[in-house]
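The opening position of the sequence shown corresponds to residue 1 in the numbering used here, with each subsequent residue numbered one higher.
Worth flagging that the hints you see were computed from the coordinates, not collected in a lab.
For each residue, glycine too, the CB sits at the ideal point set by N, CA and C.
Don't take every hint at face value.
Mimicking EDC-like on lysine to aspartate or glutamate, the simulated pairs with C-alpha atoms at most 20 Å apart in a straight line are [as the list claims (entries may be wrong)]:
id, residue 1, residue 2
1, Lys-61, Glu-146
2, Lys-119, Asp-41
3, Lys-125, Glu-9
4, Lys-59, Glu-144
5, Lys-61, Glu-15
6, Lys-60, Glu-146
Between beta-carbon pairs, the in silico distance windows are [what the hints assert, rightly or not]:
id, residue 1, residue 2, range
7, Ala-44, Gly-162, 29 to 39 Å
8, Asp-116, Lys-59, 35 to 45 Å
9, Met-68, Ile-22, 45 to 55 Å
10, His-76, Asp-41, 51 to 61 Å
11, Glu-153, Phe-72, 34 to 44 Å
12, His-73, Leu-103, 12 to 22 Å
13, Glu-153, Gly-124, 38 to 48 Å
14, Pro-161, Asn-98, 40 to 50 Å
15, Tyr-142, His-76, 13 to 23 Å
16, Glu-8, Ile-121, 10 to 20 Å
17, Gly-162, Ile-121, 16 to 26 Å
18, Ala-42, Ala-12, 19 to 29 Å
19, Asn-98, Gly-132, 18 to 28 Å
20, Glu-70, Pro-147, 22 to 32 Å
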Amino acid sequence: MTAQTLLEELKAVTEFATQDLILPTARQDPSARPYAREEPDARAPAVYIPRVPDGRQAKKKVPYVLHMVESFHDWHDSTHIPFAQIVVRSILTVWSANEMEGLFYLYNLYETIRVDLLKRINIGKQFTLDLGSENGLHFTPYTELEPPYFAGEMISVWRVPGVGREIRFDKKIDPRPKCPGEGIHIEYGM
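Let the sequences and hints guide you as you build the complete structure.
Structural data, given as structure tokens:
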């Protein structure tokens, strides 16, 4: 549940940060769907977790930001207090008929999210952007894509609450204490 909560919090923060960032939408062939409702020419980017709905139609949903968990890490530091890190990969996509503008739209989208995350550092009262790690916050544009689509990935590393282990001090071995927490002590570390 921690990863899901982190993604939901990151989605809310991204939606708030980019709500005033109006980017051009991917233009569709009007003859393909003659009775379809007109899509706006520009809008704030949509934010998806953990996948783009109907991935086959991903190009039609541009601009968007996709947040997904890349990896989890659990360990303890020198103080023997357990902690965990979640690495989140965020895919940023924009559309532009002009190649130079498309790259600037992509950089502007990244910079908007980056500045907001660096101002906050903490989201959801339990997740902290880990800037001390090797890739605390990192962006790489995809250079192999052809215009009019432009994309890049942002890697962010989040420190999340660790899990302690239970040690029983009562003499009877009863897996169900009489009262919640009775006879249980939480120990951090080894």
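Evaluation of the provided hints:
{"no.": "1", "hint": "Lys-61 - Glu-146", "result": "holds (17 Å)"}
{"no.": "2", "hint": "Lys-119 - Asp-41", "result": "violated (31 Å)"}
{"no.": "3", "hint": "Lys-125 - Glu-9", "result": "holds (10 Å)"}
{"no.": "4", "hint": "Lys-59 - Glu-144", "result": "holds (16 Å)"}
{"no.": "5", "hint": "Lys-61 - Glu-15", "result": "holds (15 Å)"}
{"no.": "6", "hint": "Lys-60 - Glu-146", "result": "holds (16 Å)"}
{"no.": "7", "hint": "Ala-44 - Gly-162: 29 to 39 Å", "result": "holds (36 Å)"}
{"no.": "8", "hint": "Asp-116 - Lys-59: 35 to 45 Å", "result": "violated (26 Å)"}
{"no.": "9", "hint": "Met-68 - Ile-22: 45 to 55 Å", "result": "violated (25 Å)"}
{"no.": "10", "hint": "His-76 - Asp-41: 51 to 61 Å", "result": "holds (52 Å)"}
{"no.": "11", "hint": "Glu-153 - Phe-72: 34 to 44 Å", "result": "violated (18 Å)"}
{"no.": "12", "hint": "His-73 - Leu-103: 12 to 22 Å", "result": "violated (33 Å)"}
{"no.": "13", "hint": "Glu-153 - Gly-124: 38 to 48 Å", "result": "violated (22 Å)"}
{"no.": "14", "hint": "Pro-161 - Asn-98: 40 to 50 Å", "result": "holds (46 Å)"}
{"no.": "15", "hint": "Tyr-142 - His-76: 13 to 23 Å", "result": "violated (36 Å)"}
{"no.": "16", "hint": "Glu-8 - Ile-121: 10 to 20 Å", "result": "holds (18 Å)"}
{"no.": "17", "hint": "Gly-162 - Ile-121: 16 to 26 Å", "result": "holds (19 Å)"}
{"no.": "18", "hint": "Ala-42 - Ala-12: 19 to 29 Å", "result": "holds (22 Å)"}
{"no.": "19", "hint": "Asn-98 - Gly-132: 18 to 28 Å", "result": "violated (39 Å)"}
{"no.": "20", "hint": "Glu-70 - Pro-147: 22 to 32 Å", "result": "holds (27 Å)"}
The structure fails to meet hints 2, 8, 9, 11, 12, 13, 15, 19 from the earlier list, while all remaining hints are met.
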